[in-house]
Structure formats: structure tokens, C-alpha cells
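Enquirer: The listed protein sequences derive, respectively, from chains A and B.
The C-terminal position of the first sequence is numbered 275 in my numbering, with every residue numbered one higher than the one before it.
The C-terminal position of the second sequence is numbered 275 in my numbering, with every residue numbered one higher than the one before it.
Hints listed in this document are in silico derivations from the structure and should not be mistaken for laboratory results.
Heads up, a few of these hints could be off.
A pair holds if it fits inside one copy or across any two, identical chains being indistinguishable in the list.
[Stated by the list, open to error] Simulated pairs of lysine to any residue, SDA-like, Cα-Cα distance not exceeding 25 Å:
id: 1; residue 1: K47; residue 2: L270
id: 2; residue 1: K148; residue 2: D91
id: 3; residue 1: K148; residue 2: T98
id: 4; residue 1: K201; residue 2: Q94
id: 5; residue 1: K201; residue 2: Q135
There are 2 protein chains.
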Amino acid sequence: MPNRRTVFFVSDRTGITAEMLGNSLLVQFDEFQFQRRTIPFIDSMPKVDEAIAEINATAAQEGRRPIVFCSMADEVAAERIRQRADALTLDLFQIFITPLEVELDARSSHAAGRSHGMASSHEYFARMEAINFTQAHDDGAQTRDLAKAQIILVGVSRCGKTPTSLYMALQFGVRAANFPLTPDDFADRRLPGSVMPFREKLFGLTINPERLREIREERRPGSRYASLDNCRHEVREAEHLMERERIPMVDTTSKSIEEIATTILHRTGLRRPVY
Amino acid sequence: MPNRRTVFFVSDRTGITAEMLGNSLLVQFDEFQFQRRTIPFIDSMPKVDEAIAEINATAAQEGRRPIVFCSMADEVAAERIRQRADALTLDLFQIFITPLEVELDARSSHAAGRSHGMASSHEYFARMEAINFTQAHDDGAQTRDLAKAQIILVGVSRCGKTPTSLYMALQFGVRAANFPLTPDDFADRRLPGSVMPFREKLFGLTINPERLREIREERRPGSRYASLDNCRHEVREAEHLMERERIPMVDTTSKSIEEIATTILHRTGLRRPVY
Chain A
1 MPNRRTVFFV
11 SDRTGITAEM
21 LGNSLLVQFD
31 EFQFQRRTIP
41 FIDSMPKVDE
51 AIAEINATAA
61 QEGRRPIVFC
71 SMADEVAAER
81 IRQRADALTL
91 DLFQIFITPL
101 EVELDARSSH
111 AAGRSHGMAS
121 SHEYFARMEA
131 INFTQAHDDG
141 AQTRDLAKAQ
151 IILVGVSRCG
161 KTPTSLYMAL
171 QFGVRAANFP
181 LTPDDFADRR
191 LPGSVMPFRE
201 KLFGLTINPE
211 RLREIREERR
221 PGSRYASLDN
231 CRHEVREAEH
241 LMERERIPMV
251 DTTSKSIEEI
261 ATTILHRTGL
271 RRPVY
Chain B
1 MPNRRTVFFV
11 SDRTGITAEM
21 LGNSLLVQFD
31 EFQFQRRTIP
41 FIDSMPKVDE
51 AIAEINATAA
61 QEGRRPIVFC
71 SMADEVAAER
81 IRQRADALTL
91 DLFQIFITPL
101 EVELDARSSH
111 AAGRSHGMAS
121 SHEYFARMEA
131 INFTQAHDDG
141 AQTRDLAKAQ
151 IILVGVSRCG
161 KTPTSLYMAL
171 QFGVRAANFP
181 LTPDDFADRR
191 LPGSVMPFRE
201 KLFGLTINPE
211 RLREIREERR
221 PGSRYASLDN
231 CRHEVREAEH
241 LMERERIPMV
251 DTTSKSIEEI
261 ATTILHRTGL
271 RRPVY
């Protein structure tokens with residue numbers, strides 16, 4: 001397997017940022033198969049040395065040095081990994097700290113574990129409230145308090161409303177309700193009564209009927225609900241309804257949850273606090 | 001406001017990775033106030049030029065150049081921003097592509113929009129299934145199919161079970177159920193019957209009683225439920241129960257959702273697929 005390489009994500013915190021940046025780089029080399037291993041919470045010298053030992057054992061075993069994406073606020077720890085790990089070490093953190101120090105004419109605190117945990121109590125509660133709100137207002141489960149929603153996603157069953165609204169709440173702290181558009185609404189040729197007063201908060205999701213069929217088929221194989229005919233009908237009716245009501249729309253077919261959520265926040269101008 | 005600076009996150013995709021890495025760097029300069037602005041989906045030259053114009057207008061208006069975290073797969077676009085933006089441009093992508101090309105002895109595809117959207121259909125369904133499963137098994141709402149859970153979080157009301165399990169599903173594609181421990185369970189001195197058969201999948205969340213009081217107080221001000229006495233009692237009983245049953249435990253008090261989720265996945269050895 002000449003194209004198989006092992007990749008480590010080493011972090012003094014969760015490693016999630018290193019994974020995300022690392023993966024967006026690795027995907028550019030699609031003829032390779034990468035074995036990924038995350039080593040989080042490396043926040044002491046003994047742990048640094050354990051991580052180095054693991055990397056070096058892998059290098060020895062595979063006869064080829066691994067790639068290490070390293071995200072460490074402590075510069076001594078980062079330097080030690082760069083020096084002692086038998087690897088291509090890409091340091092996501094230290095490389096940008098120096099230019100920032102020069103630009104800001106200030107010393108960085110080089111403190112680990114700051115980027116998530118230290119959110120203010122106010123931010124924490126706001127984020128929790130968004131998650132609880134979104135959870136309670138999934139799939140039209142609750143119509144009380146819809147006025148408090150920052151956005152209300154509408155669309156046919158299985159077009160991506162639930163994951164998108166949960167992602168908006170978790171990543172961006174946005175109170176995102178979602179509400180299904182059903183055959184009843186199409187027969188009435190109007191929006192569900194509960195969301196009608198909040199038209200300016202509505203955002204539509206739509207999807208390719210073939211793709212919808214695939215998704216529904218996973219859930220209820222062989223059902224009328226999942227049939228291509230029915231999917232075509234529902235999508236067409238939902239799109240007509242949203243067009244008539246001038247509800248903005250995004251096609252979710254070939255988009256990830258991250259992309260759908262970002263597209264909607266971008267188009268609506270909803271603020272993007274980051275945690 | 002000498003310590004106020006504007007920061008842009010410019011990306012050919014969602015900008016989420018740039019925001020996360022950028023924020024973990026900016027938090028190291030805590031005497032500064034950063035105004036953040038994300039410009040996502042910059043995937044054509046006209047959009048690149050619009051972004052540059054916005055950055056330069058900000059520089060002119062503030063009399064101080066902004067900081068730009070730039071994540072662009074297209075090297076021509078990235079170079080254009082570095083050259084023409086009146087800013088400190090930190091390029092998260094290009095800086096690592098060259099060493100990776102040398103190490104792998106391969107050319108990168110320099111293709112934008114790959115890191116989330118292109119997940120295989122199998123991965124997509126697995127992630128969706130995890131989200132639906134987690135959503136359906138929140139707060140003990142459903143006990144059917146608990147055998148399919150990869151992990152079941154237990155703990156007192158408001159200790160962080162819901163956001164943690166949702167994050168596990170969304171970020172890591174893990175089917176995470178959660179189940180409350182209530183005064184009834186403490187009176188019985190045993191685990192809830194529905195989770196008993198799955199003891200090896202249980203992971204406990206605990207929390208400082210003062211912090212729990214604060215969180216519950218936000219929800220039901222002045223209630224017995226939120227009182228410090230009751231919080232102390234519930235936390236103590238829950239911890240005793242989990243210790244007796246040898247359920248591993250993590251204290252969520254000063255941890256972010258990301259940290260709680262990562263800690264649990266790390267300690268249980270659950271695989272971490274990345275999307």
C-alpha cells in the first residue's frame with residue numbers, strides 16, 4: 001500500500017480544529033488513504049512524550065514517517081514535538097502566533113485550553129438556550145414560543161431540516177425551529193397556520209426528488225412515502241408553495257450540513273457568534 | 001479604542017474551520033477586542049475581488065489594517081488576496097499544501113469545496129442516522145433500540161447530556177442516547193430499568209452543585225428543583241449511584257460541549273470519524 005499514510009492530530013485541547021483543518025488539506029490528495037488518529041488533551045510534558053513515543057513507534061512500524069497536525073498553545077511543547085517526532089509536523093498554531101504578535105505589538109498568553117472552555121457565562125447560557133429551544137421546536141413539535149425563533153426552517157419530510165437546525169444551534173448559538181410542509185398544506189395551498197405569523201423568519205429547504213427517494217427509502221423501504229412519484233409530487237408542491245409565499249430557498253441535495261447552515265446564515269444576515 | 005481590531009475569515013467554503021482556528025489564536029490576545037466578520041463561499045474571481053474591496057474599505061475606514069484568516073484551496077485566489085488585501089493575511093491552507101506535496105510526492109488537486117460536501121453516500125447516511133437516533137433518544141424519550149446506541153449518557157437533569165449527545169452525533173457521527181437519573185432512581189438506589197441491560201455503554205456526567213443551581217435557576221427561577229439544597233442532594237446521589245455501578249464519569253462544570261464530547265470518546269475509545 002504505497003499510498004497509505006498515517007496521520008496524527010495532536011492537541012492540548014480537543015483536537016477538533018486540527019482535525020477539521022487537517023482533513024480539508026488531506027482531501028486534496030485523494031489518491032492516498034489516510035489512517036487518522038487523534039491524540040487530544042496533551043497538556044503536560046509526560047503526555048507530550050507519550051504522544052511522541054506513539055508517533056515514533058508508528059514511524060518505525062510502518063517504515064515511513066507519519067504526518068502530524070499539531071495544535072499546541074505551549075511553545076515549548078510544540079517545539080519538542082517538532083524536534084523529536086519522526087514525522088512531518090505541521091504546526092497550526094505556532095506558525096501564526098508570531099506574525100500576530102508582531103501585528104498586534106503584543107505578547108500572546110500561550111495559554112492552552114482557552115478557545116472553547118472559557119466562554120463567558122452569558123455566552124454559555126445563550127448557546128444552551130439555543131440548543132434547548134431548537135430541540136424543543138424540532139419538526140413542529142412545539143409551536144409555543146415560535147416568536148422567539150431566530151429562524152424557522154420549512155420543507156418536506158427528510159430534506160435536512162433537523163440536522164441543519166441542530167447544527168445552527170450547536171455551532172452558532174442560533175435558535176432555529178423547523179416545521180414540516182405536508183400533503184395537507186399542499187392541499188390547502190397555504191402555509192401551516194402556526195408559522196404564518198412568522199413569515200419573515202421562514203427559510204425553505206428543498207431537495208432533488210431522486211435524492212429524497214434514496215433518503216426516505218433508507219427509512220421506510222418500499223413505502224408510498226418513499227416512492228419517486230410521491231417525492232416528486234411533494235417537492236414540486238413545496239417549491240410552488242414557497243415560491244408563492246416568497247420564502248427564500250436553498251437546495252440541500254449536494255450540500256453538507258455545514259454548508260446548508262452557513263448558506264442560510266449568510267443569506268439571512270444572522271449574526272455568527274463563534275464558540 | 002486602540003485595542004479594537006477587525007478580523008475577517010475568508011473561505012471558498014463555509015469558513016467554519018478558519019473561524020475555529022482563528023478564534024483559538026485570537027483568544028491568546030485577551031486584551032484585544034476583535035470584531036469578527038466571516039465571508040464564506042468565495043469561489044470565483046469576482047467574489048475574491050469583492051472580498052478584497054470589503055477588507056480594504058475596512059482598512060481605510062479604521063485607519064488600521066484588518067487581520068484576515070484565509071482558507072482557499074485555489075492558489076491563484078489565495079495569492080490575489082495576499083497581494084491585494086491591505087491586511088495581515090494568514091493563509092491557513094496554502095502554507096501547509098506545499099510541505100504536504102513534498103512529503104507525499106504528489107500534487108494536490110487544489111479543488112475547493114471538498115472537505116464536507118463530498119462525503120460518500122454511506123458516510124452521509126451514517127451521520128444522518130446518528131443524528132436521528134440521538135434526537136429520538138434524548139432524555140430517555142425512547143427506550144426502543146437502545147441496543148443500537150454506541151453510548152448512553154446518564155446524569156441528573158441539566159448536567160449537559162442533551163448538548164453533548166447532539167454534538168457527538170453531529171460532529172462525530174456517534175449514536176448517543178441519553179437518560180436522566182431522577183429522584184425515583186435515587187430512592188430505588190438503582191439504575192433505571194431501561195438502561196440496566198446496557199451498563200457497558202453508560203457514561204456518567206456530573207457537575208458542581210452550585211453551577212447546576214445557576215443553570216436550573218435560569219430555567220425555573222425560585223423552584224425547589226433549582227434550589228442549592230436539592231442540587232446538592234441530586235448530584236451526591238447520582239455520583240454515589242454511578243460509583244456503585246462502576247460507571248465512568250466526567251465532570252462537566254468547567255468544560256465546553258466540545259471538551260465533554262471529546263473526553264468521553266477518548267476515554268471509551270469510540271472511533272472518531274471526521275466529516
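Enquirer: Taking the hints in turn, state whether each one holds.
Expert: Right, here's what the structure says about each hint:
Only between protomers do K47 and L270 lie at most 25 Å apart by alpha-carbon distance; the minimum there is 20 Å, versus 41 Å within a single protomer. For the homomeric pair K148 and D91, neither the shortest alpha-carbon distance inside one copy (43 Å) nor that between copies (38 Å) is at most 25 Å. For the identical chains of this complex, K148 and T98 are neighbours neither inside a copy (43 Å) nor across copies (48 Å), given an alpha-carbon limit of 25 Å. Taking the closest pair of Cα atoms, K201 and Q94 never come within 25 Å of each other, the shortest separation being 42 Å inside a single copy and 38 Å across copies.
In this assembly of identical chains, K201 and Q135 lie within 25 Å of each other by CA distance both inside one copy and across copies; the values are 18 Å within and 24 Å between.
Of the hints listed earlier, those the structure fails to meet are numbers 2, 3 and 4, in rising order.
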